[in-house]
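Chemist: Chain residues, written in single-letter form:
Protein chains: 2
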Amino acid sequence: MNSNDPSLPPPKADKATVRRHNLSLVLRTVHDEGEATRAGVAGRVGLTRAAVSSLVDQLLTEGFLTEWGKTFSGQAGRPGTALKVARTGLAGLGVEINIDYVTVCVVDLAGTDRVRLVERMDNRGAAPAAVLSQAARIAARAMESAAEQELRPVAAELALPGLVSGGAVRQAPNLGWNRVAVEGLFAQALSSLRPNRRALPVSADNEANLAAMAELWFGDAHDGGRVHSFIYLTGEIGVGGALVLGGRLLRGAHGFAGEIGHMVVEPDGPECRCGARGCLEQYAGQAALLRAAGLDEASGAAGVAELETRAQAGEPAAVAALDDAGRLLGRVLSGAVNLIDPDAVMLGGVFRPLMPWLAPAADAELTARVVSGLWTPGSGRLRASSSSGDAARGAAARVVREILADPAAYAERGTD
Amino acid sequence: MNSNDPSLPPPKADKATVRRHNLSLVLRTVHDEGEATRAGVAGRVGLTRAAVSSLVDQLLTEGFLTEWGKTFSGQAGRPGTALKVARTGLAGLGVEINIDYVTVCVVDLAGTDRVRLVERMDNRGAAPAAVLSQAARIAARAMESAAEQELRPVAAELALPGLVSGGAVRQAPNLGWNRVAVEGLFAQALSSLRPNRRALPVSADNEANLAAMAELWFGDAHDGGRVHSFIYLTGEIGVGGALVLGGRLLRGAHGFAGEIGHMVVEPDGPECRCGARGCLEQYAGQAALLRAAGLDEASGAAGVAELETRAQAGEPAAVAALDDAGRLLGRVLSGAVNLIDPDAVMLGGVFRPLMPWLAPAADAELTARVVSGLWTPGSGRLRASSSSGDAARGAAARVVREILADPAAYAERGTD
Numbered sequence: 001m002n003s004n005d006p007s008l009p010p011p012k013a014d015k016a017t018v019r020r021h022n023l024s025l026v027l028r029t030v031h032d033e034g035e036a037t038r039a040g041v042a043g044r045v046g047l048t049r050a051a052v053s054s055l056v057d058q059l060l061t062e063g064f065l066t067e068w069g070k071t072f073s074g075q076a077g078r079p080g081t082a083l084k085v086a087r088t089g090l091a092g093l094g095v096e097i098n099i100d101y102v103t104v105c106v107v108d109l110a111g112t113d114r115v116r117l118v119e120r121m122d123n124r125g126a127a128p129a130a131v132l133s134q135a136a137r138i139a140a141r142a143m144e145s146a147a148e149q150e151l152r153p154v155a156a157e158l159a160l161p162g163l164v165s166g167g168a169v170r171q172a173p174n175l176g177w178n179r180v181a182v183e184g185l186f187a188q189a190l191s192s193l194r195p196n197r198r199a200l201p202v203s204a205d206n207e208a209n210l211a212a213m214a215e216l217w218f219g220d221a222h223d224g225g226r227v228h229s230f231i232y233l234t235g236e237i238g239v240g241g242a243l244v245l246g247g248r249l250l251r252g253a254h255g256f257a258g259e260i261g262h263m264v265v266e267p268d269g270p271e272c273r274c275g276a277r278g279c280l281e282q283y284a285g286q287a288a289l290l291r292a293a294g295l296d297e298a299s300g301a302a303g304v305a306e307l308e309t310r311a312q313a314g315e316p317a318a319v320a321a322l323d324d325a326g327r328l329l330g331r332v333l334s335g336a337v338n339l340i341d342p343d344a345v346m347l348g349g350v351f352r353p354l355m356p357w358l359a360p361a362a363d364a365e366l367t368a369r370v371v372s373g374l375w376t377p378g379s380g381r382l383r384a385s386s387s388s389g390d391a392a393r394g395a396a397a398r399v400v401r402e403i404l405a406d407p408a409a410y411a412e413r414g415t416d
Numbered sequence: 001m002n003s004n005d006p007s008l009p010p011p012k013a014d015k016a017t018v019r020r021h022n023l024s025l026v027l028r029t030v031h032d033e034g035e036a037t038r039a040g041v042a043g044r045v046g047l048t049r050a051a052v053s054s055l056v057d058q059l060l061t062e063g064f065l066t067e068w069g070k071t072f073s074g075q076a077g078r079p080g081t082a083l084k085v086a087r088t089g090l091a092g093l094g095v096e097i098n099i100d101y102v103t104v105c106v107v108d109l110a111g112t113d114r115v116r117l118v119e120r121m122d123n124r125g126a127a128p129a130a131v132l133s134q135a136a137r138i139a140a141r142a143m144e145s146a147a148e149q150e151l152r153p154v155a156a157e158l159a160l161p162g163l164v165s166g167g168a169v170r171q172a173p174n175l176g177w178n179r180v181a182v183e184g185l186f187a188q189a190l191s192s193l194r195p196n197r198r199a200l201p202v203s204a205d206n207e208a209n210l211a212a213m214a215e216l217w218f219g220d221a222h223d224g225g226r227v228h229s230f231i232y233l234t235g236e237i238g239v240g241g242a243l244v245l246g247g248r249l250l251r252g253a254h255g256f257a258g259e260i261g262h263m264v265v266e267p268d269g270p271e272c273r274c275g276a277r278g279c280l281e282q283y284a285g286q287a288a289l290l291r292a293a294g295l296d297e298a299s300g301a302a303g304v305a306e307l308e309t310r311a312q313a314g315e316p317a318a319v320a321a322l323d324d325a326g327r328l329l330g331r332v333l334s335g336a337v338n339l340i341d342p343d344a345v346m347l348g349g350v351f352r353p354l355m356p357w358l359a360p361a362a363d364a365e366l367t368a369r370v371v372s373g374l375w376t377p378g379s380g381r382l383r384a385s386s387s388s389g390d391a392a393r394g395a396a397a398r399v400v401r402e403i404l405a406d407p408a409a410y411a412e413r414g415t416d
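Listed in order, the protein sequences are those of chains Z and C. Under our numbering, the residues of the first sequence are numbered 1 to 416, in order. Under our numbering, the residues of the second sequence are numbered 1 to 416, in order.
Rather than coming from a laboratory, the hints here were simulated on the basis of the structure. There may be inaccurate statements among the hints.
Computed list of chain Z residues with no C-beta within reach of chain C, every gap over 12 Å [as the list claims (entries may be wrong)]:
| hint | residue |
| --- | --- |
| 1 | A50 |
| 2 | E67 |
| 3 | L193 |
| 4 | H228 |
| 5 | G300 |
| 6 | A305 |
| 7 | R310 |
Cross-link-like lysine to any residue pairs, in silico, SDA-like; alpha carbons within 25 Å at most [as the list claims (entries may be wrong)]:
| hint | chain 1 | residue 1 | chain 2 | residue 2 |
| --- | --- | --- | --- | --- |
| 8 | C | K15 | Z | G46 |
| 9 | C | K84 | C | G63 |
| 10 | Z | K15 | C | V18 |
| 11 | C | K15 | Z | A181 |
| 12 | Z | K84 | Z | E150 |
| 13 | Z | K84 | Z | R44 |
| 14 | C | K15 | Z | R19 |
Computed from a predicted structure; not experimentally measured. For glycine and all other residues, C-beta sits at the position ideal for the given N, C-alpha and C.
Pulled out of the complex, with its shape left as it was, chain Z reads as follows:
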């Protein structure tokens, strides 16, 4: 008796729509299997062999699939040509613009990270247009590298540390951005760097959302298909968060779900960039961690590396700072876990290397406070995100997912 109101069936589809849907179905099946024969695909999707062959032909012609060698199907012993998704041609471009770095990533149809370009820079206080122009320059450079690998990004997705909706950053407190039309500005900057080329469609999302999707698609959550519901928390200069429930990102009514960094730790605590007081970010963000350990809070990645070194050496101030932060993380996360009951909580960003010192106190707090009694120490429900859980890759991979979901929409954009 747990089903909700069943939805109405979709309206009847015409032949062209059905074929378009089936093209995606076949492409996604090959993608998910890694390698498949026509017969294997037909068996998997429930279409006739002839129908699948026709769809595969189109996908081969349009460059979504490649054939290679002969394989033996396990069932009949009859050789068939193996199909794989193309490793050249259409690709996705992901651009993460964060407080102190920009990362650009090109991902191929198989989901592989083929080009990655990271530039450290301090974007705080810089004019949004200037930052986006610089990011476009880095993206254009990454596209040149991609071209050398015969990869052609067909759309770009931006990842930003703030509230993003409707093509704009509503608010990115740590960048100091308010109501910035990032999609348009970036598209314009990129177009001006690539005259006479087809303009790339650009979209944008919150960086923690995209890192969480990368974690879902490529990380531990992906292996074995075990974890489909998790809270993703990333420690950067801010603390970003995202919720993945049943394999889907929870966006919320306005697109602003997942702001765990602004859950309250101490109502009268230090003022936060968001305007409120005592937010988690003020206790577990990068600057707070460094400060609490007696390091320069503006020392960035180098400071985090130093903090890790000191903790590893057992330096009391470092260990105590991380233990305290872990306790507060656990306290806030216990509320989030009681609220949404996920399978796991994954910590990324600077939390990842610091897990050995953050996790014990956080785990203890979660064990004490998760009301179901299903949180036990060492259960593995609190874990470091995998290295794949990064926003730039998630952004590029989302473009790829869009291609896989409707290859026909991208077939015409094939020539550039």
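For chain Z, the structure is supplied; the task is to place chain C on it using the hints.
Modeler: Structure of chain C alone, referenced to chain Z:
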């Protein structure tokens, strides 16, 4: 670029499955419209008039629909017989077992609350089997009333103040229940009271979940179809919570989502029945509200009425107690809102009559702490639940939803 991974299409359905699905489609269409002609249904669902007539005939014969009078369709001016869902015959039985009362409700196919029986009793510390037997007696009595109205409940749903999964209460701290197989115990007790009758299938869920569904189906959230994503918080002896996202209940990975009452207010606060310290329940539950206002914390519904009277009279201790509780509610809710970004927060149970004194402080706290800046005072996003938002009705209505979702599964149970 916001779509997630599209799912595979459902496997091909045979004729019988398609008819079964279409029976539900037609029944739900009449249900949702309130009244409809065969032609109107055909136009709405995209089936031929002949197909709809055949389906309608079966639904009439099996007692799911009734015909009445003539109506004029708006479009053609041609008279047609109006169809409505049957107001007699199949019905749902809902049984809310709470700390200090049991409510039984019978809801007809149209969703109307046709029988309601409430008995006040103190269930704390009583043996679960005894409480469930007593609830079964009340249910049997309500079924006698239903029979007089020619209504025949075909399944029962229990609502319980605790963590419910797999047919059992895992933990209901305020009842003092642990691992109680409520579905089996209740079914057995009800069967023994109704020998020679077909046993009713019994299922169970958390009471806040079911109250939230009642709110979604019958409350303000339903009118105009505006609010489909909300946090539901109900003040009882405990503080229960539920999350409705996009018109669906969020259950969580283990079925335990929505436990807002155990989000932390004060890490070193008073011990909670759940075993942790400083949970919201210890500050905003019924006992805490009464105690803070200088009333007997065990005075129950009478005490809440007295608290309301005193607040209405401007009695300072009462007003201050509610203001404080409102602030803490707002603080915890701001975290929940930052996390899941709902359209609204609805307060039910004892919070409902106390809203005039709880809401201002809660709203101010939400305004200050919701990071999107989209929470503004008096926006109407914080609201009292409608009177329909009760768990017993939600439970009975869920049975009705199950019938509407697959009438063929219930057609045979028609005779009792």
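Chemist: Give a verdict on every hint.
Modeler: Each hint, compared with the structure:
Remark: the non-interface label on Z:A50 is consistent with the geometry, its nearest Cβ contact in chain C lying 16 Å away (cut-off 12 Å). Once the 12 Å rule is applied to beta carbons, Z:E67 is consistent with being away from chain C; the minimum gap is 24 Å. Even its closest Cβ contact with chain C, about 22 Å, leaves Z:L193 beyond 12 Å, as expected for a residue assigned away from the interface. For Z:H228, the requirement that its beta carbon stay farther than 12 Å from each beta carbon of chain C is not met, with the minimum near 8 Å.
No Cβ of chain C approaches the Cβ of Z:G300 within 12 Å, the least distance being about 24 Å, so the stated non-interface status holds. For Z:A305, the non-interface assignment is confirmed: its Cβ lies about 30 Å from the closest Cβ of chain C, beyond the 12 Å cut-off. Once the 12 Å rule is applied to beta carbons, Z:R310 is consistent with being away from chain C; the minimum gap is 27 Å. A distance of roughly 17 Å separates the Cα atoms of C:K15 and Z:G46; the hinted pair therefore holds under the 25 Å criterion.
A threshold of 25 Å between alpha carbons decides the hint, and for C:K84 with C:G63 the separation of about 11 Å falls inside it, so the pair holds. A threshold of 25 Å between alpha carbons decides the hint, and for Z:K15 with C:V18 the separation of about 20 Å falls inside it, so the pair holds. As the CA atoms of C:K15 and Z:A181 are separated by approximately 52 Å, the hinted pair breaks the 25 Å bound. With a C-alpha separation of about 17 Å, the suggested pair Z:K84 and Z:E150 falls inside the 25 Å cut-off, and the hint holds.
Annotation: proposed proximity of Z:K84 to Z:R44 holds, straight-line Cα distance about 15 Å (limit 25 Å). Pair hint C:K15 plus Z:R19 holds up; C-alpha atoms about 23 Å apart against a cutoff of 25 Å.
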